[in-house]
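Use the sequences and the hints to build the structure in full.
There are 2 protein chains.
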Amino acid sequence: MGIVAQKFGGTSVGDATKIQRAARRAIRTQLMGNDVIMVVSAMGKTTDHLVDLAAQISHDPPKREMDMLLTTGEQVSISLMAMAIHEAGHEAISFTGGQVGMITDAYHTKARIQRVDTDRLKEHLKAGKIVIVAGFQGVTEEGAITTLGRGGSDTTAVALAAAVQADVCEIYTDVDGVYTTDPRIVPEAHKVDQVTYDEMLELAALGAGVMHSRAIEFGSKYSVPIHVRSSLTDVPGTMIMHETAGMEDVVVRGVALKRDLAAVVLIGVPNEPGMASKVFGQIAEQNIVVDDIIQSIYEDGKRANVGFTVASSDLSEAKALGDRLSREFGFRGVEVDEGVAKVSIVGIGMRSHTGVAAKMFDALYAADINIEHISTSEIVVSCVVRQEDGEKALKALHTTFGLDKNQGNEG
Amino acid sequence: MGIVAQKFGGTSVGDATKIQRAARRAIRTQLMGNDVIMVVSAMGKTTDHLVDLAAQISHDPPKREMDMLLTTGEQVSISLMAMAIHEAGHEAISFTGGQVGMITDAYHTKARIQRVDTDRLKEHLKAGKIVIVAGFQGVTEEGAITTLGRGGSDTTAVALAAAVQADVCEIYTDVDGVYTTDPRIVPEAHKVDQVTYDEMLELAALGAGVMHSRAIEFGSKYSVPIHVRSSLTDVPGTMIMHETAGMEDVVVRGVALKRDLAAVVLIGVPNEPGMASKVFGQIAEQNIVVDDIIQSIYEDGKRANVGFTVASSDLSEAKALGDRLSREFGFRGVEVDEGVAKVSIVGIGMRSHTGVAAKMFDALYAADINIEHISTSEIVVSCVVRQEDGEKALKALHTTFGLDKNQGNEG
Chain A
48 MGIVAQKFGG TSVGDATKIQ RAARRAIRTQ LMGNDVIMVV SAMGKTTDHL VDLAAQISHD
108 PPKREMDMLL TTGEQVSISL MAMAIHEAGH EAISFTGGQV GMITDAYHTK ARIQRVDTDR
168 LKEHLKAGKI VIVAGFQGVT EEGAITTLGR GGSDTTAVAL AAAVQADVCE IYTDVDGVYT
228 TDPRIVPEAH KVDQVTYDEM LELAALGAGV MHSRAIEFGS KYSVPIHVRS SLTDVPGTMI
288 MHETAGMEDV VVRGVALKRD LAAVVLIGVP NEPGMASKVF GQIAEQNIVV DDIIQSIYED
348 GKRANVGFTV ASSDLSEAKA LGDRLSREFG FRGVEVDEGV AKVSIVGIGM RSHTGVAAKM
408 FDALYAADIN IEHISTSEIV VSCVVRQEDG EKALKALHTT FGLDKNQGNE G
Chain B
48 MGIVAQKFGG TSVGDATKIQ RAARRAIRTQ LMGNDVIMVV SAMGKTTDHL VDLAAQISHD
108 PPKREMDMLL TTGEQVSISL MAMAIHEAGH EAISFTGGQV GMITDAYHTK ARIQRVDTDR
168 LKEHLKAGKI VIVAGFQGVT EEGAITTLGR GGSDTTAVAL AAAVQADVCE IYTDVDGVYT
228 TDPRIVPEAH KVDQVTYDEM LELAALGAGV MHSRAIEFGS KYSVPIHVRS SLTDVPGTMI
288 MHETAGMEDV VVRGVALKRD LAAVVLIGVP NEPGMASKVF GQIAEQNIVV DDIIQSIYED
348 GKRANVGFTV ASSDLSEAKA LGDRLSREFG FRGVEVDEGV AKVSIVGIGM RSHTGVAAKM
408 FDALYAADIN IEHISTSEIV VSCVVRQEDG EKALKALHTT FGLDKNQGNE G
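So the protein lines, in turn, are chains A and B. Under the working numbering, read the first sequence as residues 48 to 458, first letter to last. Under the working numbering, read the second sequence as residues 48 to 458, first letter to last.
Please note that a few of the clues may not be correct.
If chains are identical, the list can't say which one is meant, so a pair holds when it fits in one copy or spans any two.
Unchecked claim - Dumping the calculated DSS-like pairs for lysine-lysine here, alpha-carbon to alpha-carbon at most 27 Å:
hint: 1; residue 1: K92; residue 2: K65
hint: 2; residue 1: K157; residue 2: K176
hint: 3; residue 1: K452; residue 2: K238
hint: 4; residue 1: K452; residue 2: K406
hint: 5; residue 1: K176; residue 2: K65
hint: 6; residue 1: K110; residue 2: K173
hint: 7; residue 1: K366; residue 2: K325
hint: 8; residue 1: K169; residue 2: K110
hint: 9; residue 1: K110; residue 2: K176
hint: 10; residue 1: K110; residue 2: K406
hint: 11; residue 1: K65; residue 2: K110
Bear in mind the hints are in silico, worked out from the structure with no lab data behind them.
So, in structure tokens, the structure goes:
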């Protein structure tokens, strides 16, 4: 008796059979008395195929046109999903991002949602229809088609769930929930039943890969319970939610590895007020996501080395920007280190436990892994290590913090 | 020094190489001092592939969702075309039908254009960009995505050309112009240099297949010269235009065959005032295109048999409607004949020549073909024949009216 948003990723709508299965799930949810919003991604390898087509024509296609191209993938999915629901004898209507009122800024290929107009959506829900929305896409105020970047369909689903105050946003995927760490690297990883938005945000940001950060942020901000679960079974997955009593009992909820990082160091930056603001302002303007910032001062405080880590995919853009800033503001140079990774432990429980960081450093030392840099926040401790040490570090921490299956931790 | 609209059909944008070739042609046209609007169809077999996908899911998909699905094909093409032009160092921008202001009614799968908002188009032409528009598609006032039906991209191109008062609308295709008849059936057919809108309308309506009627109607109404030509060469094709001096000298411009016709006869229709209006009003409401109407009265004028021919693809819908009308208005029954074809001769010259129809009947008689029905208009004489006689009739008429190659007629 409420509103349920259901998001089906590319593997969950990969062919006609899977689309029909997703359709049946939505119908079942509706028959249980709920209004149902479906958000679907492009079918399986569609996006790859479209990217290939573009690559045959251009080495550096305009981003606006890439968005025009890629959004067709989701448009195909929504129409087929609507057909599947009709074929099963139920009412459905499909909408593109633009049609449903998903208004974004104009940063093509990684646009941000500005607002969601829900009038049309609510009208059709009220009429008893399952409303199917193309994930990943939006439209600017001027009507240009945009995409929300990686994991954008999750963001679409949670944003719509927030906008209509849905009771839950279900994320259907090919895994059955959120794990203590990546089970492909650590076979001892196990599913957790609950995780807080903050923990999940850290895990997502650190590369857990199940959901995109922005979707979790939306969920947290608007208190949308997010249920990450398998499209193949009815087994409950993992609830992402605000903290509840008892959740603090687990000190470390999960450990995460961010593998593809690169460090950029601006050498000899004049240590003047406003310099950091200028540098990171320009980086932000180019929508480069900075992972960590490390600044050290020398020459009696006149100069600083300003380092930051970015995703390897953003490195060439970050390097080019660094070079430009270097000329503009008189830095002494730009250095790049491509071979780093970051391993982190995450848990709201560590707020009330001491010695967690020390235990982590001990574990890495015992595994003969050198720590290049340490950063901490309230619920995270992270260590930057050489890329080749990443997996070993992850395994050591998973065991150290009692997360291995049958260690009796949770779930 | 003008505005040129260029339409590239599916075979002209079938792969990356062909898209690049079309892009170069548009760029060349722009470099010659023209503003260029490109209208593109879906790549090669894309539409078939999408139709297959739908068929895997539904036997009778909602038309609105078919439009949602099929329009993705053109959206892929426009983005790739824009990339190709950018890659060649020129400016371009792509628009979906909705974005460019192609407003239609809500008859999904065969919508009609209501109006074209050209502000955005003109703005970008003024800025020196090649404007690329998705053919075949539009959007209702409410924002629902529609398609214009078969040949819709031609209609898009001519409608845009009309809206911006383009100097010419070039239709690029895999044939090099309009022929005296279908050269696949009559190898002696030859290309004509000029044809009037009226002649072309009749030829198109009669199945010549090069262009869709609606596009030609638009061209005629707004006096847009239409140049049908090959995408592979620079050889001039056929100009479709208003009548000029000398064009009347050719008595028969072309002969045409409409193969896939079916006749529906409403038996025993009460011959009351307004009955025809009711019957054909309802047929029109369902957007069934009636080819010919044949009415004969009997029982002292109290009853009539009302026959009409439709495309075979519309037969089941027409039959169902006939049955419903039959119950509603007390007809005696509905009869169907699936096996007919229509062969026609077309030419503005026949207005000023006598004996043209008689010559046609003679030719069919000499070829031992029975004529089931005759209809005439100012520039057309048509005979309904058995479907199996269609091609033989076409060949006989092509020869009789001096259209065979090397008969010295035209071109």
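Notebook entry, point to check: Should K452 paired with K406 be assigned to within, between, both, or neither, using CA atoms and 27 Å as the limit?
Noted result: For K452 and K406, only the intra-copy Cα distance (20 Å) is at most 27 Å; the inter-copy one is 93 Å.
Next item on the list: Please work out whether the CA atoms of K92 and K65 approach to 27 Å or closer within one copy, between two copies, in both situations, or in neither?
Entry: both (14 Å within a copy, 24 Å between copies)
Checklist line | Within, between, both or neither: K176, K65 at alpha-carbon 27 Å | finding: Classified as within: same-chain Cα gap 21 Å, cross-chain 42 Å, threshold 27 Å.
Notebook entry, point to check: Given a CA cutoff of 27 Å, do K169 and K110 count as a within-copy pair, a between-copy pair, both, or neither?
Noted result: between (32 Å within a copy, 22 Å between copies)
Check: Using 27 Å as the alpha-carbon threshold, which applies to K110 and K176: within, between, both, or neither?
Finding: Between. Shortest inter-copy distance 16 Å satisfies the 27 Å Cα cut-off; intra-copy 34 Å does not.
Note to self: With identical chains, the pair K110 and K173 could be close in the same copy or across copies; at 27 Å between alpha carbons, which is it: within, between, both, or neither?
What the structure shows: between (37 Å within a copy, 22 Å between copies)
Notebook entry, point to check: Using 27 Å as the alpha-carbon threshold, which applies to K110 and K406: within, between, both, or neither?
Noted result: neither (46 Å within a copy, 63 Å between copies)
Next item on the list: Give the relationship of K366 and K325 under a CA distance limit of 27 Å: within one copy only, between copies only, both, or neither.
Entry: within (16 Å within a copy, 74 Å between copies)
Item checked: Up to 27 Å CA-CA - K238 versus K452, copy category -> The answer is within: 9 Å in one copy meets 27 Å, while 78 Å across copies does not.
Margin query: If the cut is 27 Å between Cα atoms, do K157 and K176 qualify within a copy, between copies, both or neither?
Written below: So K157 and K176 pass the 27 Å test across copies only (25 Å; inside, 31 Å).
Next item on the list: Evaluate K65 and K110 at a C-alpha cut-off of 27 Å and name the case that applies: within, between, both or neither.
Entry: between (31 Å within a copy, 22 Å between copies)
Hint compliance for this structure: hint 10 is the single one not met.
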